[in-house]
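*Asks:* Chain by chain, the residues run as shown.
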Amino acid sequence: AQSVTQLGSHVSVSEGALVLLRCNYSSSVPPYLFWYVQYPNQGLQLLLKYTSAATLVKGINGFEAEFKKSETSFHLTKPSAHMSDAAEYFCAVSTWVGNNDMRFGAGTRLTVKP
Amino acid sequence: GAVVSQHPSRVICKSGTSVKIECRSLDFQATTMFWYRQFPKQSLMLMATSNEGSKATYEQGVEKDKFLINHASLTLSTLTVTSAHPEDSSFYICSAHRAGATEAFFGQGTRLTVV
Numbered sequence: 001a002q003s004v005t006q007l008g009s010h011v012s013v014s015e016g017a018l019v020l021l022r023c024n025y026s027s028s029v030p031p032y033l034f035w036y037v038q039y040p041n042q043g044l045q046l047l048l049k050y051t052s053a054a055t056l057v058k059g060i061n062g063f064e065a066e067f068k069k070s071e072t073s074f075h076l077t078k079p080s081a082h083m084s085d086a087a088e089y090f091c092a093v094s095t096w097v098g099n100n101d102m103r104f105g106a107g108t109r110l111t112v113k114p
Numbered sequence: 115g116a117v118v119s120q121h122p123s124r125v126i127c128k129s130g131t132s133v134k135i136e137c138r139s140l141d142f143q144a145t146t147m148f149w150y151r152q153f154p155k156q157s158l159m160l161m162a163t164s165n166e167g168s169k170a171t172y173e174q175g176v177e178k179d180k181f182l183i184n185h186a187s188l189t190l191s192t193l194t195v196t197s198a199h200p201e202d203s204s205f206y207i208c209s210a211h212r213a214g215a216t217e218a219f220f221g222q223g224t225r226l227t228v229v
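As they're listed, the protein sequences go chains W and A.
In terms of the working numbering, the first sequence is residues 1 to 114.
In terms of the working numbering, the second sequence is residues 115 to 229.
If you are wondering where the hints come from, they were derived from the structure by calculation, not from laboratory data.
Given the structure is predicted, the values throughout are model-derived calculations rather than measurements.
All residues carry an ideal CB built from backbone N, CA and C; glycine is no exception.
Treat the hints loosely; a few may be bogus.
What the hints assert, rightly or not - Estimated spans, in silico, between C-beta atoms of each pair:
1. E173/A with T51/W: 22 to 32 angstroms
2. E173/A with R109/W: 38 to 48 angstroms
3. G8/W with Q174/A: 25 to 35 angstroms
4. E177/A with A106/W: 37 to 47 angstroms
5. T72/W with S132/A: 40 to 50 angstroms
6. A213/A with S14/W: 12 to 22 angstroms
7. S70/W with S123/A: 23 to 33 angstroms
8. S168/A with K113/W: 47 to 57 angstroms
9. T131/A with T72/W: 25 to 35 angstroms
10. P79/W with T194/A: 40 to 50 angstroms
Unchecked claim - With a straight-line Cα cutoff of 30 angstroms, these simulated DSSO-like cross-link-like pairs (lysine-lysine) come out:
11. K49/W with K180/A
12. K58/W with K180/A
13. K69/W with K49/W
14. K169/A with K180/A
Said to hold, decoys possible - Here are a few chain W residues that sit away from chain A, every Cβ distance over 12 angstroms (derived from the structure):
15. V4
16. G16
17. L18
18. E71
19. T77
20. P79
21. K113
If we strip away everything but chain W, and leave its shape as in the complex, we get (with noise of 0.2 angstroms):
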């Protein structure tokens, strides 16, 4: 089976600073792996996907990751943090299209400071 580790449950990061939040997958075939923001009582809202194409993969809101297969990492990234970045981060991975098998990581709480 899949699954996927956030490390660090909170990460806080001050406005115009570089964002990372990292995420490392188990997947015994290659997966499909995901990075949404949830504003606070809101559903997921897909930032960016990795899907065996190109191993960079930019998505909205300046966010980018970088499939790292050697690694077994996802990481995302953003070079420059704005306060509207203030949410929780989830990363999931998959196995097949039918997203059935998706796993969602413990998700990472990202605080912007003024």
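With chain W held as given, fit chain A onto it using these hints.
*Replies:* Showing chain A alone in chain W's frame:
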């Protein structure tokens, strides 16, 4: 885009009553819909997978008789929490999968509070 609408967004009910949550795909036909439960400050836990016209597949530990799922059409799935108790209070999120897409699309979630 692919829009999934979940209703209601927030509901308060008395202990012992039943609550129905709807999940609709507004602009596509959803071959599969998923129901998740999210506890405060925790991740999403998959409860069940529903395919249109067939019985839902429940994850281990999820009570089928407690959480009734109906997927009567390609655009609508419902989750009914029967005889709700305070421990059922949680945030419930649905997602819908469109054939050929590489990800599922999420509803806005429903905050259920049982008093």
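*Asks:* All hints, please: hold or fail.
*Replies:* Hints, one by one, checked against the model:
At roughly 24 angstroms, the beta carbons of E173/A and T51/W sit within the given window of 22 to 32 angstroms. Take E173/A and R109/W: their Cβ atoms lie about 25 angstroms apart, and the range 38 to 48 angstroms is violated. About 29 angstroms separates the C-beta atoms of G8/W and Q174/A, a value consistent with the hinted range of 25 to 35 angstroms. Distance hint check: the CB atoms of E177/A and A106/W are about 24 angstroms apart, inconsistent with the given range 37 to 47 angstroms.
In this structure the hint that T72/W and S132/A lie 40 to 50 angstroms apart at CB holds, the actual value being about 44 angstroms. In this structure, A213/A and S14/W break the distance hint of 12 to 22 angstroms, their C-beta atoms being roughly 44 angstroms apart. Between S70/W and S123/A the beta carbon distance is about 43 angstroms. The supplied range of 23 to 33 angstroms is therefore violated. Between S168/A and K113/W the beta carbon distance is about 50 angstroms. The supplied range of 47 to 57 angstroms therefore holds.
Between T131/A and T72/W, the C-beta spacing of about 46 angstroms breaks the proposed range 25 to 35 angstroms. The hinted range of 40 to 50 angstroms is satisfied by P79/W and T194/A, whose Cβ atoms lie roughly 46 angstroms apart. Pair hint K49/W plus K180/A does not hold up; C-alpha atoms about 34 angstroms apart against a cutoff of 30 angstroms. Distance hint between K58/W and K180/A is unfulfilled; the C-alpha atoms sit about 41 angstroms from each other, more than 30 angstroms.
This hinted pair checks out: K69/W and K49/W have alpha carbons roughly 15 angstroms apart, not beyond 30 angstroms. A distance of roughly 15 angstroms separates the Cα atoms of K169/A and K180/A; the hinted pair therefore holds under the 30 angstroms criterion. V4/W, annotated as away from the interface, has a beta carbon of chain A within 12 angstroms; the closest lies near 9 angstroms. The claim that G16/W lies off the interface holds: its Cβ sits roughly 27 angstroms from the closest Cβ of chain A, which is beyond the 12 angstroms cut-off.
The beta carbon of L18/W is kept farther than 12 angstroms from every beta carbon of chain A, the shortest such distance being approximately 25 angstroms. Look at E71/W: its CB is around 22 angstroms from the nearest CB on chain A, clear of 12 angstroms, so calling it non-interface holds up. For T77/W, the condition that its CB be more than 12 angstroms from all CB atoms of chain A holds, with the nearest at approximately 20 angstroms. Every CB of chain A is more than 12 angstroms from the CB of P79/W (nearest about 25 angstroms), matching its label as outside the interface.
Separation of K113/W from chain A is adequate, the least Cβ-Cβ distance of about 20 angstroms exceeding the 12 angstroms criterion.
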